[in-house]
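Q: Each chain, letter by letter, is given below.
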Amino acid sequence: MRYAKLAKADLPKLFQSLKGYGEVFAPVEERGKLFFKKVEDLKEVKLAYTRTLLPPKKLFLQPEEEIMSYEGESYTEKLDGRKAVLFGVHACDINGFLKLDRVFLDAPRDEYYARRRENTLVVGITCVPDKYCFCTSVGSGYASGGFDLFLHDLGKEYLVRVGSGEGYRLSKQDYFKEAGEAEVKLAAKLEEKRAGKLRRKINLMGMGDLIETEGKEGWEELTAKCLACGTCNLVCPTCQCYDVSDLLTLEVRKGTRVRRWDSCMLKRHALVAGGLNFRPTVVERTVNRLSCKVGEEVRCVGCGRCTVYCPAGIDFVEMLSAVRGEAR
Amino acid sequence: MKPRVGIFGFTGCAGDQLMILNLEDELLDLVGALDLKSFTMASSAVEDSEYDVAFVEGSITTPKQKQKLEEVRKKAKLLVAIGDCAAWGGVQASCNGILTVGEKMKEVYGDEKVWEIYESKPLSAYVKVDFVLPGCPIEKEEFLRAAASLLRGDLPEAVDYPVCVECKLRENGCLMLEGKLCLGPLTVGGCKARCPSLRVDCIGCRGVIEGEARVKSAMQVFKEAGFKPDYVRARLRMFAANYPEILEVKG
Chain Z
1 MRYAKLAKAD LPKLFQSLKG YGEVFAPVEE RGKLFFKKVE DLKEVKLAYT
51 RTLLPPKKLF LQPEEEIMSY EGESYTEKLD GRKAVLFGVH ACDINGFLKL
101 DRVFLDAPRD EYYARRRENT LVVGITCVPD KYCFCTSVGS GYASGGFDLF
151 LHDLGKEYLV RVGSGEGYRL SKQDYFKEAG EAEVKLAAKL EEKRAGKLRR
201 KINLMGMGDL IETEGKEGWE ELTAKCLACG TCNLVCPTCQ CYDVSDLLTL
251 EVRKGTRVRR WDSCMLKRHA LVAGGLNFRP TVVERTVNRL SCKVGEEVRC
301 VGCGRCTVYC PAGIDFVEML SAVRGEAR
Chain H
329 MKPRVGIFGF TGCAGDQLMI LNLEDELLDL VGALDLKSFT MASSAVEDSE
379 YDVAFVEGSI TTPKQKQKLE EVRKKAKLLV AIGDCAAWGG VQASCNGILT
429 VGEKMKEVYG DEKVWEIYES KPLSAYVKVD FVLPGCPIEK EEFLRAAASL
479 LRGDLPEAVD YPVCVECKLR ENGCLMLEGK LCLGPLTVGG CKARCPSLRV
529 DCIGCRGVIE GEARVKSAMQ VFKEAGFKPD YVRARLRMFA ANYPEILEVK
579 G
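So the sequence lines, in the order shown, correspond to chains Z and H.
Numbered according to the working numbering, the first sequence spans residues 1 to 328.
Numbered according to the working numbering, the second sequence spans residues 329 to 579.
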């Protein structure tokens with residue numbers, strides 16, 4: 001990997017170069033809400049932040065998008081290959097991209113996701129963890145790939161890790177300086193210090209089996225307050241499920257096909273032809289959701305969103321600790 | 329052959345029929361695609377007919393209405409309930425199970441038996457309902473899409489997910505987490521979270537998600553948030569008092 005140094009005073013120069021590549025989307029804070037939004041100026045960007053409401057995956061797999069329009073037998077796909085930049089992404093969310101990439105970039109390739117992902121530069125940045133973060137327990141506290149540039153805050157300057165050819169081209173701009181062993185060592189030390197602040201831990205040893213064998217009564221107690229609203233899925237950086245609908249016009253032969261983020265906590269996710277639902281209860285849906293996130297493989301990146309934004313105050317980490325048999 | 333359609337109204341404000349008329353840009357296409365046999369709100373020219381689809385607004389509150397509804401049902405291949413009154417009994421059902429019809433009539437008219445009336449009930453209390461377009465009032469877009477599906481010969485796709493879904497897709501902060509009594513988690517989506525997007529808590533005007541709404545869980549969450557049970561009950565009853573789990577909620 002190539003390493004470079006960028007003085008904080010030169011960050012506006014990098015921002016200008018990124019704007020030259022495409023539209024820049026970055027975290028902003030408006031009325032106490034943090035979210036990724038198109039920005040024109042670095043001043044709009046919240047560089048030090050905890051987490052955004054929706055994960056930045058929303059740029060690649062859009063919450064709701066028209067994927068094609070059709071008339072009779074013919075159709076036109078709506079593919080978006082605009083160049084864009086995601087600026088200020090945290091390690092957990094970048095690790096979320098890597099998990100989604102396996103689903104949408106590996107065969108069969110999802111062209112809608114792929115074109116946006118491949119035409120978007122990802123610039124990572126050091127995060128500001130809070131008491132809900134547990135990325136270090138799920139191996140997502142550090143991004144080893146999945147970005148073009150990653151900016152590690154060293155105080156007055158950034159250590160810049162270069163993760164792609166496009167990132168390499170950018171790092172050849174004259175405002176970057178060379179960096180090496182000393183800066184990498186310092187960045188690793190600071191990252192470790194930051195990780196040490198994460199008090200939340202989750203023990204996933206044998207978790208898939210624990211989830212599978214937890215009794216119905218236990219689950220009913222753990223899900224008693226669940227409203228089955230789908231928020232946990234909708235704010236998750238690694239939830240990949242979507243629903244597809246055809247919106248007909250009165251001419252009937254014409255229409256548009258849209259897809260929308262789905263949630264496995266909702267009725268329709270497991271509803272099949274004939275009206276059979278193979279996961280009719282909240283308990284079954286919860287078991288499925290948790291198995292998907294931390295069962296056979298770890299798909300959770302420890303961002304804490306499902307806990308922070310749950311309207312019923314259900315805590316993901318506490319729920320799994322209870323399943324293990326620790327303090328319920 | 330164009331499908332024969334009738335649009336009827338019972339007890340309610342006629343707002344759902346008005347929403348159909350409010351489809352100003354699409355109205356000519358709509359009436360062009362249908363063989364409209366009866367729509368008294370729009371035209372006094374009514375033709376006695378069988379119907380491929382009958383759209384029915386309003387709740388049933390008198391013996392005469394019940395009889396008329398049964399007639400419409402007999403003549404219609406498909407009966408679609410439009411609006412909250414037809415779907416759940418509407419706002420006029422909000423005291424069901426708390427006050428009797430007689431008590432209500434005495435309160436308003438000073439006499440318990442001015443007319444013979446029923447407690448406000450949805451259409452499904454009396455006849456088979458094939459599809460429900462919920463809302464107070466209905467969403468124009470949803471009506472158009474449903475009409476298109478029916479024209480193709482399909483039942484429309486029902487919205488069976490809560491308002492929270494469309495609220496999150498718009499990246500709104502959760503009003504419940506801000507201490508507001510938002511009924512989004514119990515309420516049928518399809519409104520694009522219009523009110524929560526303006527930071528106004530959902531009052532449940534699109535009715536409860538049948539068989540899915542977690543009323544007991546919500547009662548617990550609202551209680552922990554410090555809301556008084558009679559206030560929560562009144563909010564829940566406004567648009568879905570006839571839903572069994574809501575009817576049972578104690579104030």
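Think of the hints as simulated: they come from the structure by calculation, not from any bench.
Any given hint might turn out to be false.
To be clear about the criterion: a stretch of chain Z counts as covered by chain H if any three or more of its residues have a C-beta under 8 Å from a C-beta of chain H, and this derived list gives those stretches [stated by the list, open to error]:
1. 95-105
2. 191-201
3. 204-218
4. 227-234
5. 237-250
Just so we're clear, the structure is a prediction, and the values are computed from it rather than from any experiment.
Note that CB positions come from ideal geometry on N, CA and C, so glycine has one too.
Q: For the segment 204-218 of chain Z, do three or more residues have a beta carbon lying closer than 8 Å to a beta carbon of chain H?
A: Coverage by chain H is violated for the segment 204-218 of chain Z (0 residues, Cβ < 8 Å).
Q: For the segment 191-201 of chain Z, count the residues whose Cβ lies under 8 Å from any Cβ of chain H; is that count three or more?
A: violated (count 0)
Q: Are at least 3 residues of the segment 95-105 of chain Z within less than 8 Å of chain H when you compare beta carbons?
A: That given contact is violated, which follows from only 0 residues of the segment 95-105 of chain Z lying within Cβ reach (below 8 Å) of chain H.
Q: Tell me whether the statement that chain H covers the segment 237-250 of chain Z is true, taking a Cβ distance below 8 Å and needing three residues at minimum.
A: holds (count 5)
Q: Do three or more residues from the segment 227-234 of chain Z put their C-beta atoms closer than 8 Å to C-beta atoms of chain H?
A: holds (count 6)
Hint check: violations occur at hints 1, 2, 3; the rest are consistent with the structure.
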